[in-house]
Amino acid sequence: MKLSPGKRKRLESVSDSRGVIAALAIDQRDALRKLFSAELKMEKHAVPRELLEEFKSTVVRALSPHSSAVLLEPEYGLRAASQRSPSSGLLMAYEVSGYDPNVPGRAPRLLEGWSVRRLADAGAHCIKVLLYYALLDAPEIMERKRAWVERVGWECAGCDVPFFLEIVPYQDGVNEQSPEFARCKPDILTNAMKQFSQPRYCVDVLKVGVPVTMAYVQGSSACKGTFIHSRPDALALFRRAAEAAAKPFLFLSAGVSNRVFNEALELASEAGIHFCGVLCGRATWKDGVSVFVRGGPEALQKWLETDGMKNIQAVNASLRNATPWSKQYPANE
221 MKLSPGKRKR
231 LESVSDSRGV
241 IAALAIDQRD
251 ALRKLFSAEL
261 KMEKHAVPRE
271 LLEEFKSTVV
281 RALSPHSSAV
291 LLEPEYGLRA
301 ASQRSPSSGL
311 LMAYEVSGYD
321 PNVPGRAPRL
331 LEGWSVRRLA
341 DAGAHCIKVL
351 LYYALLDAPE
361 IMERKRAWVE
371 RVGWECAGCD
381 VPFFLEIVPY
391 QDGVNEQSPE
401 FARCKPDILT
411 NAMKQFSQPR
421 YCVDVLKVGV
431 PVTMAYVQGS
441 SACKGTFIHS
451 RPDALALFRR
461 AAEAAAKPFL
471 FLSAGVSNRV
481 FNEALELASE
491 AGIHFCGVLC
501 GRATWKDGVS
511 VFVRGGPEAL
521 QKWLETDGMK
531 NIQAVNASLR
541 NATPWSKQYP
551 ANE
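To convert a position in the sequence shown, counted from 1, into our numbering, add 220.
In case anyone wonders, no lab produced these hints; they're calculated from the structure. Treat each hint with caution, since some may be false.
Stated by the list, open to error - With a cut-off of at most 16 Å between alpha-carbon atoms, the simulated EDC-like pairs for lysine to aspartate or glutamate come out as follows:
no., residue 1, residue 2
1, K547, D250
2, K254, D236
3, K229, D357
4, K506, D236
Stated by the list, open to error - The following label-pair restraints were derived from C-beta to C-beta distances:
no., residue 1, residue 2, range
5, A537, R337, 29 to 39 Å
6, G318, E270, 38 to 48 Å
7, P225, G515, 39 to 49 Å
8, D380, L298, 34 to 44 Å
9, Q397, D453, 27 to 37 Å
10, G439, A537, 36 to 46 Å
Since the structure is predicted, the reported quantities are computational estimates derived from the model, not experimental observations. Using N, Cα and C, we set each Cβ at its ideal position, and we do this for glycine too.
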């Protein structure tokens, strides 16, 4: 596969010395407001933006020296972006957080007032958008989503900026924590990884959750007795999804605990698949929200220097078997 010199240089800016992406994700907006609203006992919309900005900035200052890059967004993350370590690259989210439940198909939207060029001018090395994807979407919804991804991909190509596509599987009417969804999730994700690996979308790196729900994998610490997949079954599903991807892909933590995310990465390593790293968010810093609400930035800083550091070091250790993205984008192409 071909990669322009400009995109290659920018991908190198968000990678470690091995060419693996060991990135910290803190582009959460609605999800972060939800965490704060639970701690503050107030409605999500009432959470002051200053708290979100200060939290992101504190996390980035403490943990970016141990990350190859940080994923942020321009709504609450510009201050934090300016405070990251010089050794840490910057990815920026381009999509509106969440979706309108009154619009069928969880339609994606781009942030108003921003473009790939403007995000790059703000310091972004790479661009990320999130797409909710379901196999049972109506054909017209599916086509609109595919056209939307094409539009973003070509905008990134025109600016010579790498395009990361985050795929979030779902199925209308099915609880995403349920056994029913755990059964259909692998097929949805595998199909999406195959679809968006096509050259027409100009996707450079796929950002995905693991193809199994760890709460239903036998032997996982998240499993409470009822399992859908045995460990050999889970390994086979990891391999099937990886084989469907013709582009480099990395894993996101999807809100699970640090321990569970590292168990998932161990499964990926055992399966022998070529994932190129992680964009790890809440598994690293989620527990710091309550610390911040109770004790402020200084208490959060202390927590990050101990528990937060242990979390990110554990994830980094789990990347020992990750494969550099350059394996699929050789320099002598």
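A quick look at each hint next to the structure:
With a CA separation close to 35 Å, the supplied pair K547 and D250 exceeds the 16 Å bound. Taken as a hint, the K254 and D236 pair is broken in the structure, with Cα atoms around 32 Å apart against an allowance of 16 Å. Taking the CA atoms of K229 and D357, the gap is about 37 Å. The hint is violated against a cut of 16 Å. Between K506 and D236 the CA atoms are separated by roughly 24 Å; this puts the pair beyond 16 Å, and the hint is violated.
Between A537 and R337 the C-beta distance comes to about 37 Å, which sits within the given range of 29 to 39 Å. At roughly 21 Å, the beta-carbon separation of G318 and E270 lies outside the given 38 to 48 Å, and the hint is violated. Hint check: P225 to G515, Cβ distance near 47 Å, so the stated range 39 to 49 Å holds. In this structure the supplied range 34 to 44 Å is violated for D380 paired with L298, their Cβ-Cβ distance being about 22 Å.
In this structure the hint that Q397 and D453 lie 27 to 37 Å apart at CB is violated, the actual value being about 19 Å. Range check, G439 to A537: Cβ separation about 20 Å, and the 36 to 46 Å hint is violated.
Checked against the numbered hints above, the structure breaks hints 1, 2, 3, 4, 6, 8, 9, 10 and satisfies the rest.
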